[in-house]
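Here is what each chain is made of, one letter per residue.
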Amino acid sequence: MKESFGQRIARLRKAQGLTQEELGDKVNISSQAVSKWENDLSSPDISILVKLAGILGVSLDVLLGNEEEKDNPIVVPKEIRKDVSQLIFKIQVDSHEGDKVRINLPVSIIKIAVDSKMGLPNINGNEALKDIDWNQLFALIDQGVIGKLVEIESSDGDIVTIVVE
Amino acid sequence: MKLKIRAEGVKLNLYIPFFILNNKWIIKKITKKSTKDIDFDQLKIVLPKMIKELKKFKKDNKGFVILDVVSSDNEHVVLKL
Numbered sequence: 001m002k003e004s005f006g007q008r009i010a011r012l013r014k015a016q017g018l019t020q021e022e023l024g025d026k027v028n029i030s031s032q033a034v035s036k037w038e039n040d041l042s043s044p045d046i047s048i049l050v051k052l053a054g055i056l057g058v059s060l061d062v063l064l065g066n067e068e069e070k071d072n073p074i075v076v077p078k079e080i081r082k083d084v085s086q087l088i089f090k091i092q093v094d095s096h097e098g099d100k101v102r103i104n105l106p107v108s109i110i111k112i113a114v115d116s117k118m119g120l121p122n123i124n125g126n127e128a129l130k131d132i133d134w135n136q137l138f139a140l141i142d143q144g145v146i147g148k149l150v151e152i153e154s155s156d157g158d159i160v161t162i163v164v165e
Numbered sequence: 001m002k003l004k005i006r007a008e009g010v011k012l013n014l015y016i017p018f019f020i021l022n023n024k025w026i027i028k029k030i031t032k033k034s035t036k037d038i039d040f041d042q043l044k045i046v047l048p049k050m051i052k053e054l055k056k057f058k059k060d061n062k063g064f065v066i067l068d069v070v071s072s073d074n075e076h077v078v079l080k081l
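Keeping their order, the protein sequence lines are chains E and X.
Per this note's numbering, the very first residue in the first sequence carries number 1; after that it's consecutive.
Per this note's numbering, the very first residue in the second sequence carries number 1; after that it's consecutive.
Treat the hints with care, since some could be wrong.
What the hints assert, rightly or not - If you anchor each label on the Cβ, the simulated ranges turn out as follows:
| no. | chain 1 | residue 1 | chain 2 | residue 2 | range |
| --- | --- | --- | --- | --- | --- |
| 1 | E | 144 | X | 2 | 32 to 40 angstroms |
| 2 | X | 10 | E | 75 | 22 to 30 angstroms |
| 3 | X | 2 | E | 64 | 34 to 42 angstroms |
| 4 | E | 151 | X | 69 | 16 to 24 angstroms |
| 5 | E | 39 | X | 29 | 46 to 54 angstroms |
| 6 | E | 87 | X | 17 | 22 to 30 angstroms |
| 7 | X | 44 | E | 3 | 45 to 53 angstroms |
| 8 | X | 18 | E | 79 | 31 to 39 angstroms |
| 9 | E | 87 | X | 72 | 26 to 34 angstroms |
| 10 | X | 20 | E | 47 | 30 to 38 angstroms |
| 11 | X | 12 | E | 50 | 47 to 55 angstroms |
| 12 | X | 52 | E | 43 | 40 to 48 angstroms |
Derived by calculation from the structure, the hints in this document are not laboratory data.
No residue lacks a Cβ here, since even glycine has one placed at the ideal position from N, Cα and C.
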């Protein structure tokens, strides 16, 4: 069954770790109104849809159900951005041999490693990560970009993706 | 940190204290490099910073999955904070 608009708001809100009250505070409405959206009893006003999409970390098309979620990068407005210490780097490696590796680390920890020139490949040994310009990724994060920032397929068929949430 | 290993006939749960990450032998094993290739002077500065940050993060995110590996032959390794 297709997910309703309200169900989508509820799922995205929970994925962001927000309560109905916290989401309501961010868009200046009551938690009861958020509850009504999530139960499909009412819909958010068009004037707050863009802000709502930014808070929920998706594009407007994804929020409205016109487009599938693809972890596409989006720019989060400055006033609703998470602190860098709360952001997570999700590094996913799907090897050609069928191994699946998922590394989740706070952005702040990877920043320490990169600033010290330690680099990530030394830690996990994956060659596909060697050429990633981490400083460029941090520059994007500083500008409020989140979502899938990198997708690489190495010569031996390993697929590496890096998502910031 | 908690390490959970599941494989055929293997069910292992280990508690890994943070201080173990400062151990030269462990670093050598993790990075699969000989000790001469690792700049331990640099690690001595960087690792405590990373561990401090990880401990800070753990306060609000207990049980957070740092590493999840599923191999093609169904071995499963999970490292949680």
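So, going through the hints one by one against the coordinates:
no.: 1; hint: 144/E x 2/X: 32 to 40 angstroms; verdict: holds, 34 angstroms
no.: 2; hint: 10/X x 75/E: 22 to 30 angstroms; verdict: violated, 46 angstroms
no.: 3; hint: 2/X x 64/E: 34 to 42 angstroms; verdict: holds, 41 angstroms
no.: 4; hint: 151/E x 69/X: 16 to 24 angstroms; verdict: holds, 20 angstroms
no.: 5; hint: 39/E x 29/X: 46 to 54 angstroms; verdict: holds, 53 angstroms
no.: 6; hint: 87/E x 17/X: 22 to 30 angstroms; verdict: holds, 26 angstroms
no.: 7; hint: 44/X x 3/E: 45 to 53 angstroms; verdict: holds, 51 angstroms
no.: 8; hint: 18/X x 79/E: 31 to 39 angstroms; verdict: holds, 36 angstroms
no.: 9; hint: 87/E x 72/X: 26 to 34 angstroms; verdict: holds, 31 angstroms
no.: 10; hint: 20/X x 47/E: 30 to 38 angstroms; verdict: violated, 54 angstroms
no.: 11; hint: 12/X x 50/E: 47 to 55 angstroms; verdict: holds, 49 angstroms
no.: 12; hint: 52/X x 43/E: 40 to 48 angstroms; verdict: holds, 46 angstroms
Hints 2, 10 from the earlier list are contradicted by this structure; the remaining hints agree with it.
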